[in-house]
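Asks: Chain by chain, the residues run as shown.
Number of protein chains: 2
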Amino acid sequence: MRDLSRDTRLLSLNTATIREQWGLGEAIEGCVRHGIGGIAPWRDQLHVLGVTEAVKRISDEGLRVSSLCRGGLFTVDDHLNLDDNRRAVDEATALGAECLVLVVGGLMAGSRDLPEARRRVAEGIAKLLDHARVQGMRLAIEPLHPMYAADRGCVNTLREALDLCDVLGAGVGVAIDTYHVWWDADLERQIRRAGQAGRIFAYHVCDWLVPTEDLLTDRGMPGDGIIDLRRVRGAVEAAGYNGCCEIEIFSAKNWWRRDPDEVLRICVERFQSVV
Amino acid sequence: MRDLSRDTRLLSLNTATIREQWGLGEAIEGCVRHGIGGIAPWRDQLHVLGVTEAVKRISDEGLRVSSLCRGGLFTVDDHLNLDDNRRAVDEATALGAECLVLVVGGLMAGSRDLPEARRRVAEGIAKLLDHARVQGMRLAIEPLHPMYAADRGCVNTLREALDLCDVLGAGVGVAIDTYHVWWDADLERQIRRAGQAGRIFAYHVCDWLVPTEDLLTDRGMPGDGIIDLRRVRGAVEAAGYNGCCEIEIFSAKNWWRRDPDEVLRICVERFQSVV
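So the sequences go chain by chain: A and B.
The opening residue of the first sequence carries number 0 in numbering that gives the first Met the number 0; numbering runs sequentially from there.
The opening residue of the second sequence carries number 0 in numbering that gives the first Met the number 0; numbering runs sequentially from there.
Derived by calculation from the structure, the hints in this document are not laboratory data.
For each residue, glycine too, the CB sits at the ideal point set by N, CA and C.
Treat the hints with caution; some may be incorrect.
DMTMM-like mimics (lysine to aspartate or glutamate), calculated; alpha carbons at most 20 Å apart, straight line [to be verified]:
id, chain 1, residue 1, chain 2, residue 2
1, A, K252, B, E212
2, B, K252, A, E212
3, A, K126, A, E60
4, A, K252, A, E212
5, A, K252, A, D213
6, A, K252, B, D213
7, B, K126, B, D165
8, B, K55, B, D89
9, B, K126, B, D89
10, A, K126, A, D77
11, A, K126, A, D162
12, B, K252, A, D213
DEER-style ranges, computed between Cβ atoms [said to hold, decoys possible]:
id, chain 1, residue 1, chain 2, residue 2, range
13, B, E19, A, V166, 41 to 49 Å
14, B, E212, A, R264, 31 to 39 Å
15, B, G22, A, E19, 40 to 48 Å
16, A, Q195, B, G22, 55 to 63 Å
17, A, A237, B, R5, 56 to 64 Å
18, A, D227, B, A196, 56 to 64 Å
19, A, D129, B, R188, 38 to 46 Å
Stretch-level coverage of chain A by chain B, calculated; a stretch enters the list once three of its residues show a Cβ under 8 Å from a Cβ in chain B [what the hints assert, rightly or not]:
id, segment
20, 112-125
21, 135-149
22, 174-188
23, 225-236
Sequences are here, hints too, so could you generate the full structure?
Replies: Below, the structure written as structure tokens:
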């Protein structure tokens with residue numbers, strides 16, 4: 000395993016972590032101030048700053064863009080959300096992002112047909128890949144925790160995501176987020192499989208709090224929860240991953256209310272001590 | 000599939016559904032009043048009424064006991080919670096229950112070691128089986144939704160539960176609860192596997208609400224959520240299950256606040272129309 004105890008360059012800040020306090024411009028400056036090597040912007044904030052301006056600032060500061068969040072949501076309309084998804088690929092390409100993260104979407108409105116939702120997701124990724132391959136942009140399917148299967152993402156295990164990748168071919172892989180996959184008894188085997196196929200495009204770190212009081216916005220800073228983070232990173236790195244560790248926390252009652260410089264300082268500490 | 004549209008005998012009331020309104024004695028009377036054929040008591044309420052008295056009343060009314068809830072929690076102490084678990088087996092036997100449901104327990108206090116928790120669970124069930132086999136009481140492992148892996152149950156898919164059963168041998172099977180397993184892409188295959196092994200001991204029905212506002216107590220009446228209940232029951236019955244459909248709903252803000260006779264009336268309606 001890599002020794003991160005003095006490193007900050009392999010840490011990437013997913014801007015969701017301080018999204019209530021800072022826009023993208025401030026997040027870029029914050030990363031620079033704290034020596035954080037990478038950033039993963041969300042598209043809504045990217046649009047506020049403007050893609051051209053964001054590209055310039057990120058490039059000027061020498062930050063890696065570990066991913067762009069996010070494309071996907073293939074089930075929200077009858078056109079697989081493809082127009083917006085193609086724009087997301089273009090934006091990721093402009094930013095020089097290492098991948099575009101896909102949160103694939105849940106059930107269609109008014110539907111209970113989960114297999115059909117999954118078929119549409121497969122079709123959507125296949126169609127988006129045509130565009131992404133031309134641009135040379137990698138697509139990273141992010142399996143979401145099963146509690147989001149209905150309304151956010153119906154690919155819920157690493158195994159399912161890799162089964163999809165097997166069908167889809169080159170240019171598509173996975174974003175592994177500890178928060179979504181930690182519970183899975185099959186996790187380490189699937190991480191090995193992902194590594195052997197060269198499909199680990201991103202690694203996100205977030206902890207599971209006990210108790211968890213909200214399904215979406217009560218996620219934990221690494222070290223505050225019960226996930227054996229070192230075990231997961233060990234498996235991911237043993238499988239060949241050598242990219243950034245991206246910290247992404249949704250936390251309405253805690254981290255989104257704090258001084259964002261304090262949040263970044265603690266992210267760095269935890270990255271060096273528990274990630 | 001069985002036609003339940005005029006039936007009430009194959010419906011079983013899990014008493015958690017009206018636990019805030021009624022004790023076990025009232026629940027027994029309620030089942031009789033509504034023609035509900037089965038009941039699944041919880042042990043805390045059983046102890047309040049007294050096992051002998053409960054056995055007498057349930058027997059006098061001719062109710063099936065589709066299961067006793069619950070044994071398990073093998074990770075709460077260093078003795079695999081075995082004394083209490085053996086008492087649970089004895090109580091289930093006294094009631095003539097069709098199985099004892101096992102909610103296996105989560106991480107040990109202060110631990111992040113999920114594989115170790117799972118090893119203890121396997122050891123605990125193996126030891127409890129020695130006692131259960133003598134009594135002729137079947138143990139039903141209930142895979143819990145992955146959002147409970149840390150603090151309630153670390154067996155989180157039907158596949159994991161069946162892998163455990165394969166190791167453990169005769170006398171142990173599964174309780175399949177739609178709320179916990181509906182999201183699983185591997186569900187139908189594992190249901191077939193469970194049926195082929197003769198391991199489907201109980202079938203629980205509960206719906207997943209969108210949005211879900213609490214991880215534990217915001218579960219839905221069948222028909223109010225997004226689970227394709229007919230698809231799951233079809234698979235379970237195609238796999239050979241012909242027992243009760245047990246309705247079990249934890250609902251702090253809705254069903255636990257209603258007139259319990261109204262709750263039972265609606266359970267019967269939904270059992271006949273959407274389960």
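Asks: Check each numbered hint from earlier against the structure, then list the numbers of those it violates in ascending order.
Replies: 3, 18 and 19
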